[in-house]
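Protein chains in written order, with UniProt numbering: chain C, 1 to 224; chain E, 1 to 149.
Careful, some of the hints might be misleading.
What the hints assert, rightly or not - Here are some chain E residues pointing at chain C (derived, C-beta under 8 angstroms):
1. 13
2. 40
3. 43
4. 44
5. 104
6. 108
Said to hold, decoys possible - Label pairs and their in silico Cβ distance ranges:
7. 93(C) <-> 108(E): 26 to 34 angstroms
8. 113(C) <-> 68(E): 46 to 54 angstroms
9. 223(C) <-> 133(E): 14 to 22 angstroms
10. 63(C) <-> 79(E): 51 to 59 angstroms
11. 67(E) <-> 207(C): 31 to 39 angstroms
12. 166(C) <-> 51(E): 30 to 38 angstroms
13. 207(C) <-> 55(E): 56 to 64 angstroms
Hints in this document: simulated from the structure, not taken from any laboratory.
Keep in mind the model is a prediction, meaning the values are calculated, not measured.
Think of the CB as a built atom: it goes at the ideal place given N, C-alpha and C, for glycine as much as any other residue.
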Amino acid sequence: MLRAAFRPEDVGLLPSPAGELALRAGDLDRAEREYAAAARAVSRHLPSAAGRARVAAARGDRAGAVTRYRSVVERLPPPQYLVEYGEALAASGGSPAEAWRLLAGARRVQAAAGVRDDLTWAEYEADHGDPMAAVRHARAEYARHPNPVAADALAWALHRAGVRAEALRFSREATRTGWRNALLLYHRAEIEKAAGLDDRASRAASRAADPRFDPRLPALARPS
Amino acid sequence: MIVPLALADPLGNFTVNHHNGLRLSPGRVANLAVVDAAELPTLQEQAEVAARGPRAHAVRRCAELAAAQTVRVDGRALRWRVGAASFAYAPGQGGLRTSRLTCVLSAPAALARPGSVVFADAYLADRPGWQEITRWATGYGSRAPPCPP
Chain C
1 MLRAAFRPED VGLLPSPAGE LALRAGDLDR AEREYAAAAR AVSRHLPSAA
51 GRARVAAARG DRAGAVTRYR SVVERLPPPQ YLVEYGEALA ASGGSPAEAW
101 RLLAGARRVQ AAAGVRDDLT WAEYEADHGD PMAAVRHARA EYARHPNPVA
151 ADALAWALHR AGVRAEALRF SREATRTGWR NALLLYHRAE IEKAAGLDDR
201 ASRAASRAAD PRFDPRLPAL ARPS
Chain E
1 MIVPLALADP LGNFTVNHHN GLRLSPGRVA NLAVVDAAEL PTLQEQAEVA
51 ARGPRAHAVR RCAELAAAQT VRVDGRALRW RVGAASFAYA PGQGGLRTSR
101 LTCVLSAPAA LARPGSVVFA DAYLADRPGW QEITRWATGY GSRAPPCPP
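Make a model of the complete structure from these sequences and hints.
Structure below.
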């Protein structure tokens, strides 16, 4: 892809998605190289700085991930980066309070600007906040977009809120396409376990989909 | 959700915007530097402002801004002297606040004759936002160029 790119911005545009693909495929060395190439091509290239934070988090380099995410959100604090930063902080034994405070601010300006992002808030509330609020957001998201990601968000919110039967139904719906996604399969395993069912198949499928998947860093594993 | 969309919509709420109003006169260069921070960068800095107090905060930030700017007259670098410095909040979206840093800077310069003035501002340049530079000249006769080319 790089050979077709001429201007620095083009070089910067390409390796970032290339890094993203490598990261999703679990090839962390390649992802790091692609992001580094983008950073060299375009000074202060934010997506590749965020990409390198993700690579550090995926490697299990907790201190490195926190440092990198912090320098990213100091420049630009959109919700996705803030959730990943907060989870990296918590996973490293620190307090995510600062990230959640900024996230609340970002949420207020988004709402005031008329942006609806029920999926983000369903996932955030289920993992770190109020499960009932998560269910409300997830139902709204699922009503508009009844896809596997929304079904998973709704299943996980219901699980957190203790609504087991319905959680199981939506988790099965989310995973029935055969999509090998570690987070969705991990959610299904947890939901099956809570329902007293055999969770071994789902758990094994989650590990097979991504051996490095860390349940403390769900945002990193999100397909969106 | 995809990052670029999330960023693109209310990106304005995440920006730090810069204005530099340069004023050239025969004996000096002055700059009215204004840094407008939108809701999120303002929120990020809020605790620091509260701890330091708005006046001390403005003095400190203006010193950082002055150090991050480059101004050269005929190739010679000038050093800004920081005059008035102020920091103020304004109501923003969603019940949040925006903030404005204002710095009055000046430096003696030999600009009685035509010469070159080069200006660059690297203050918080790695944060998204717009950058505006204006220039005007005072104290020159009608036959002199309005400002050096």
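Verification of the supplied hints:
Given the 8 angstroms rule on beta carbons, the hint for residue 13(E) holds: about 4 angstroms separates it from the nearest Cβ of chain C. The beta carbon of residue 40(E) comes within 5 angstroms of a beta carbon in chain C, closer than 8 angstroms, and the hint placing it at the interface holds. The beta carbon of residue 43(E) is positioned within 8 angstroms of a beta carbon in chain C (closest approach about 4 angstroms), and the interface hint is therefore held. A hinted interface residue such as residue 44(E) counts as satisfied when its beta carbon comes closer than 8 angstroms to some beta carbon of chain C; here the least separation is about 6 angstroms, so the hint holds.
Below 8 angstroms, beta-carbon pairs count as interface contacts, and residue 104(E) has none with chain C, the closest being about 27 angstroms; its hint is therefore violated. Interface hint status for residue 108(E): violated, as the beta-carbon distance to the closest one in chain C is roughly 33 angstroms, over 8 angstroms. Checking the proposed 26 to 34 angstroms range against residue 93(C) and residue 108(E) shows it is violated: the Cβ atoms sit about 54 angstroms from each other. For the hinted restraint 46 to 54 angstroms between residue 113(C) and residue 68(E), the CB-CB distance of approximately 30 angstroms leaves it violated.
For the pair residue 223(C) and residue 133(E), the beta carbons lie near 43 angstroms from each other, so the given range of 14 to 22 angstroms is not met. For residue 63(C) and residue 79(E), the Cβ-Cβ distance of about 39 angstroms falls outside the hinted range of 51 to 59 angstroms, so the restraint is violated. A C-beta distance of roughly 52 angstroms is found between residue 67(E) and residue 207(C), which places it outside the suggested range of 31 to 39 angstroms. The supplied range of 30 to 38 angstroms is broken by residue 166(C) and residue 51(E), whose beta-carbon atoms lie about 47 angstroms from each other.
The given range of 56 to 64 angstroms is respected by residue 207(C) and residue 55(E), whose C-beta atoms sit roughly 57 angstroms from each other.
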